[in-house]
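Just so you know, we're using my numbering here: the sequence shown kicks off at 1 and counts up by one.
No wet-lab data here; the hints were simulated from the structure. All C-beta atoms, glycine included, are put in the ideal place defined by N, C-alpha and C. A couple of the hints might just be wrong.
Unchecked claim - Here are the simulated lysine-lysine pairs, DSS-like style, with alpha carbons at most 30 angstroms apart:
1. Lys-22 x Lys-190
2. Lys-21 x Lys-228
3. Lys-176 x Lys-228
4. Lys-190 x Lys-176
What the hints assert, rightly or not - The calculated label-pair distances, taken between Cβ atoms and stated as ranges, are:
5. Arg-371 x Asn-173: 55 to 61 angstroms
6. Leu-147 x Ile-235: 42 to 48 angstroms
7. Ala-175 x Asn-318: 36 to 42 angstroms
8. Leu-322 x Asn-353: 28 to 34 angstroms
9. Met-347 x Thr-146: 43 to 49 angstroms
10. His-54 x Gly-151: 29 to 35 angstroms
11. Ile-333 x Trp-264: 32 to 38 angstroms
12. Asp-171 x Thr-146: 19 to 25 angstroms
13. Thr-166 x Thr-345: 52 to 58 angstroms
14. Ile-150 x Gly-241: 29 to 35 angstroms
15. Leu-372 x Gln-342: 35 to 41 angstroms
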Amino acid sequence: MSQTQPQPQPHSKTKPLSPPKKKLIVLCDGTWCGMETNTQTNIYRLAEMIMGGHNPFNTSPTNPYIDPVRQIIACYFPGGGIGGTFLEYLFNGATGSDIDQDCEEVYRYIVQHYTRDHEIWMFGLSRGAYTVRCVAGMINNCGILTLPNIGLCNHVYQTYRSRGQTDHPADPNMAKFRTLNSHPVPTPVKFMGLLDTVGSLGIPYLAPGIGLDFHEFYNTEISAVVEKVYHAMSIHDRLWGFEPCHAVPSRGRLGPNFEIHERWFPGCHYDIGRQRFRFLRNGRTFLERALGFILNPLSNVIEPNHVFADVVLKWMLNGIALHAPPNTVIPSIPGIPAIIGQLETDMMNPMRNTGNGDIYDNLPAFGPAGRLWG
1 MSQTQPQPQP
11 HSKTKPLSPP
21 KKKLIVLCDG
31 TWCGMETNTQ
41 TNIYRLAEMI
51 MGGHNPFNTS
61 PTNPYIDPVR
71 QIIACYFPGG
81 GIGGTFLEYL
91 FNGATGSDID
101 QDCEEVYRYI
111 VQHYTRDHEI
121 WMFGLSRGAY
131 TVRCVAGMIN
141 NCGILTLPNI
151 GLCNHVYQTY
161 RSRGQTDHPA
171 DPNMAKFRTL
181 NSHPVPTPVK
191 FMGLLDTVGS
201 LGIPYLAPGI
211 GLDFHEFYNT
221 EISAVVEKVY
231 HAMSIHDRLW
241 GFEPCHAVPS
251 RGRLGPNFEI
261 HERWFPGCHY
271 DIGRQRFRFL
281 RNGRTFLERA
291 LGFILNPLSN
301 VIEPNHVFAD
311 VVLKWMLNGI
321 ALHAPPNTVI
331 PSIPGIPAII
341 GQLETDMMNP
351 MRNTGNGDIY
361 DNLPAFGPAG
371 RLWG
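Whenever a hint applies, use it, and build me the whole structure from the sequences.
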């Protein structure tokens with residue numbers, strides 16, 4: 001119930017409203033999502049909105065999108081497997097072997113651009129959601145390094161992964177590390193938008209000499225450095241690797257400013273994120289292009305349900321609107337209300353693509369030359 005605020009007395013001193021904080025924005029896409037596959041997921045669409053129509057694929061940690069009027073810095077990070085050779089594309093995408101590199105790259109970007117005038121907004125899909133949650137854990141452990149200490153980024157990640165008691169966030173050793181090396185900001189992450197986090201048991205990867213192992217969260221709690229969390233989860237996915245990883249509140253998250261909004265949505269994992277997927281990417285070499293020329297006509301494409309994806313995107317935009325002043329995270333033209341209005345119109349369109357549905361009973365049909373098998 002709302003309460004009437006007391007009116008200031010004629011000669012009372014009222015505290016002036018502080019200006020909106022600058023925004024440092026992270027957008028991490030899902031596995032095999034990026035320019036090479038031209039997969040325009042809900043994370044890509046959010047990035048495009050935030051960047052005012054600028055192509056997110058053209059950003060990088062050293063060349064982020066900067067809008068001095070809205071006071072934002074934003075960078076889109078493609079999903080796992082993107083950016084390497086064809087074998088790296090297959091191996092890293094399938095095994096998660098580049099997750100260490102992903103986490104450290106995002107954290108380093110934050111260190112490079114963060115000031116005490118910034119608040120951080122993080123968005124992630126699938127393994128990208130896992131990545132931003134790990135990065136929040138790194139910040140919880142070690143804080144955000146000041147720029148002269150950027151060389152410690154790998155140490156921060158290794159400390160986050162450590163099970164040693166002296167590397168626990170509450171240990172005096174870590175408190176001393178944060179005091180000496182990091183910005184003194186207790187809750188630098190204003191908003192975390194997650195689309196179907198994977199990795200409740202960790203991200204599977206192949207360890208040399210060991211075999212299948214798992215990159216695990218330090219824990220599945222949302223760390224106390226994050227203020228608002230919105231997490232959309234798929235209610236219909238049944239692949240073992242996509243078991244839900246809930247956003248559990250940390251015991252240190254106290255007070256009215258800390259919120260976790262977690263909601264189930266209809267559809268499979270790829271519907272939540274709008275992941276249109278074909279096994280082979282756009283070729284980077286002559287041999288890869290030749291292989292694609294032969295196999296792509298024989299391969300099926302996983303089509304997401306765009307109505308389900310629109311519902312998720314609308315929910316996330318409503319969350320952003322609640323916690324960001326107008327013309328900050330999303331430009332005022334067209335503005336969040338206009339974008340949501342268009343999404344609602346699209347949802348009602350009877351010609352809207354509703355995708356393949358549940359494909360898990362016929363997975364071989366969506367592999368290379370899958371039309372020959374299913």
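Tested hints:
no.	hint	in the structure
1	Lys-22 x Lys-190	holds, 11 angstroms
2	Lys-21 x Lys-228	holds, 15 angstroms
3	Lys-176 x Lys-228	holds, 27 angstroms
4	Lys-190 x Lys-176	holds, 24 angstroms
5	Arg-371 x Asn-173: 55 to 61 angstroms	holds, 58 angstroms
6	Leu-147 x Ile-235: 42 to 48 angstroms	holds, 43 angstroms
7	Ala-175 x Asn-318: 36 to 42 angstroms	holds, 38 angstroms
8	Leu-322 x Asn-353: 28 to 34 angstroms	holds, 29 angstroms
9	Met-347 x Thr-146: 43 to 49 angstroms	holds, 46 angstroms
10	His-54 x Gly-151: 29 to 35 angstroms	holds, 31 angstroms
11	Ile-333 x Trp-264: 32 to 38 angstroms	holds, 33 angstroms
12	Asp-171 x Thr-146: 19 to 25 angstroms	holds, 21 angstroms
13	Thr-166 x Thr-345: 52 to 58 angstroms	holds, 56 angstroms
14	Ile-150 x Gly-241: 29 to 35 angstroms	holds, 34 angstroms
15	Leu-372 x Gln-342: 35 to 41 angstroms	holds, 40 angstroms
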